[in-house]
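Take the sequences, apply the hints, and build the full model.
Going by our numbering, the final residue of the sequence shown carries number 239, and the count climbs one at a time with no gaps.
Some hints here could point you the wrong way.
BS3-like mimics (lysine-lysine), calculated; alpha carbons at most 30 Å apart, straight line [unchecked claim]:
hint, residue 1, residue 2
1, Lys169, Lys191
2, Lys223, Lys191
3, Lys223, Lys169
Simulated restraints, written as ranges between beta carbons of each label pair [as the list claims (entries may be wrong)]:
hint, residue 1, residue 2, range
4, Gln222, Ala150, 16 to 24 Å
5, Thr114, Ser201, 28 to 36 Å
6, Asp205, Thr226, 12 to 20 Å
Since the hints were made in silico from the structure, they are not lab data.
All residues carry an ideal CB built from backbone N, CA and C; glycine is no exception.
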Amino acid sequence: MRVWFLVMVATVIWSSAGAERFTLVLNGEAVLDARTTLVWEREPAAFHGTWMEAAPYCAQQRTGGASGWRVPTVEELKSLVEPEQHDPALPAGHPFQNIKSAIYWTATPSERDDIVAWHVSFLSGEAVTDQKSQTRRVWCVRDERGTR
Numbered sequence: 092m093r094v095w096f097l098v099m100v101a102t103v104i105w106s107s108a109g110a111e112r113f114t115l116v117l118n119g120e121a122v123l124d125a126r127t128t129l130v131w132e133r134e135p136a137a138f139h140g141t142w143m144e145a146a147p148y149c150a151q152q153r154t155g156g157a158s159g160w161r162v163p164t165v166e167e168l169k170s171l172v173e174p175e176q177h178d179p180a181l182p183a184g185h186p187f188q189n190i191k192s193a194i195y196w197t198a199t200p201s202e203r204d205d206i207v208a209w210h211v212s213f214l215s216g217e218a219v220t221d222q223k224s225q226t227r228r229v230w231c232v233r234d235e236r237g238t239r
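As structure tokens, then:
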């Protein structure tokens, strides 16, 4: 009985931590991450393209009526990953919708090879590199200013 209670309390605390970290903004179409002060699309679009196509795609987004969207760096995208979670590798209690356990481009090119760039898998939570000519999803981000 004690073990069950302890597990239940830990689950409630963990879930509420995700709820405290994230706040809906821009008419509920975006999510402010209190840990990083970055604003993420609440529901990444169905974009599936090359690394070169990702930046112009994000730049034209008007999620929540706001402009200034961009492709996140590898560190920014990795900041959403919860290593203990898989499929998707996001914190418990997150408010994101329609998150595919897929691979998402970052704006970070490889330092060793100019034909590859970093991406993050939200199935496993791992960041790896791949050729820029491959097609991947993109999860656009913007800075916090003017989001409330």
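Outcome of the hint check:
no., hint, result
1, Lys169 / Lys191, "holds, 15 Å"
2, Lys223 / Lys191, "holds, 20 Å"
3, Lys223 / Lys169, "holds, 19 Å"
4, Gln222 / Ala150: 16 to 24 Å, "holds, 22 Å"
5, Thr114 / Ser201: 28 to 36 Å, "holds, 34 Å"
6, Asp205 / Thr226: 12 to 20 Å, "holds, 19 Å"
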